[in-house]
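Number of protein chains: 2
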Amino acid sequence: MKESTIGSWLADLGDRTPTPGGGGAAALLAATGASLVGMVSSYTTGGKWADREEDMLKVKAEADLLRDQALALADADADAFAAVGSAYGLPRGTDEDKAARREAIQAALKGAAQPPVDTGGVAARVVELAEGLVERGNPNVVSDVAVAASSAAAALESAIVNIEINAGSIKDTEVVDGLRAEVDKLTGAIERARRVVERVREGLRG
Amino acid sequence: MKESTIGSWLADLGDRTPTPGGGGAAALLAATGASLVGMVSSYTTGGKWADREEDMLKVKAEADLLRDQALALADADADAFAAVGSAYGLPRGTDEDKAARREAIQAALKGAAQPPVDTGGVAARVVELAEGLVERGNPNVVSDVAVAASSAAAALESAIVNIEINAGSIKDTEVVDGLRAEVDKLTGAIERARRVVERVREGLRG
Chain X
1 MKESTIGSWL ADLGDRTPTP GGGGAAALLA ATGASLVGMV SSYTTGGKWA
51 DREEDMLKVK AEADLLRDQA LALADADADA FAAVGSAYGL PRGTDEDKAA
101 RREAIQAALK GAAQPPVDTG GVAARVVELA EGLVERGNPN VVSDVAVAAS
151 SAAAALESAI VNIEINAGSI KDTEVVDGLR AEVDKLTGAI ERARRVVERV
201 REGLRG
Chain B
1001 MKESTIGSWL ADLGDRTPTP GGGGAAALLA ATGASLVGMV SSYTTGGKWA
1051 DREEDMLKVK AEADLLRDQA LALADADADA FAAVGSAYGL PRGTDEDKAA
1101 RREAIQAALK GAAQPPVDTG GVAARVVELA EGLVERGNPN VVSDVAVAAS
1151 SAAAALESAI VNIEINAGSI KDTEVVDGLR AEVDKLTGAI ERARRVVERV
1201 REGLRG
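Heads up: the sequence lines are chains X and B, in that order.
Take the first sequence: its letters are residues 1 to 206, numbered as in the working numbering.
Take the second sequence: its letters are residues 1001 to 1206, numbered as in the working numbering.
Same shape as in the complex, but just chain X:
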């Protein structure tokens, strides 16, 4: 994904092809949020920000890492999604075939639930970093803190629906319960992201 042009990747996203899909989009949203957190921290170094420069360089380094993790998760999501497709494509001639296919589908669905969970985790961390920048970031770029939080919130919400559509086909109730617990965590991070946006907007209104 990293090496695709934006135009061609989005054109592929918009076409009738299994991937990239909503999982890749969620990862792109998370990566966008991470990048903006990195940008704000980059603008909060030197001169009058000397007192917090060390912190900000750490934020920048973590933001770069989160961006790369998100982009790698887009690829992992595409692979996991392809595995689900392959499992559905297995032969179902005999009862043994059918049983093996059912099992392969269930295994692939469980595998496909992980990238959205991880994408949600990256986005939740982006929200935490954005929270720390509302007051401490360079106010000239405070609107970008809100854009970072909005992007992360969209990544979280997207991760949630991607988890939920998958969970709907998973039979193992323990796995489904685990995924529901992840959804609850990610839902909490959305609320925090919304609060970041509100705080920035209150500040802009003065």
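FYI, nobody ran anything at the bench for these hints, they're computed from the structure.
Source: prediction; values computed, not measured.
Heads up, simulated EDC-like pairs for lysine to aspartate or glutamate below, C-alpha to C-alpha not over 16 Å straight-line: (1) K2(X) to D64(X); (2) K1002(B) to D1012(B); (3) K1002(B) to E3(X); (4) K1058(B) to D15(X); (5) K2(X) to E1003(B); (6) K2(X) to D1012(B); (7) K1002(B) to D12(X); (8) K58(X) to D1015(B).
Based on these hints, arrange chain B on the given structure of chain X.
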């Protein structure tokens, strides 16, 4: 923007450079939403969808156009932002210089308010198209309708903060009032996007 790789564009977004910034990110979010609307409509043609294929091909064509408009707006935003920077850089030696600089800054700020307004307009249209797909789109990709709406909501919210940070420096109260009216319209579209996400999630829960 269209020809940049995702990796390099996001790296630039994360760096201490004036552009791309929050305006470009808002445009990317809108373009992502548009692409997903296009994808869902592409999956709602042929076979059992023959009754709505004509509509869906229209949605796909409009979604492609909206995506391209959003990407072009990212470039327009970068240009407008550069113009603001140039205006701030004008000489302020004499009183005439100062007056000319003030006027140039005000003109540039007004120009810079337009790309986020237009990006918000694209995102609002993406929400409308997504609304039409919750019931009528292929249910196999209904989660992507939610991701489209989430992306568009983030684009709208980002456009709003970009408008608001600009409006804070614009002296012409008529222009500021016009921008506030735009913000109100875009805020309504966010509510509609959130409702799309809720409806999709209710459907997934069954």
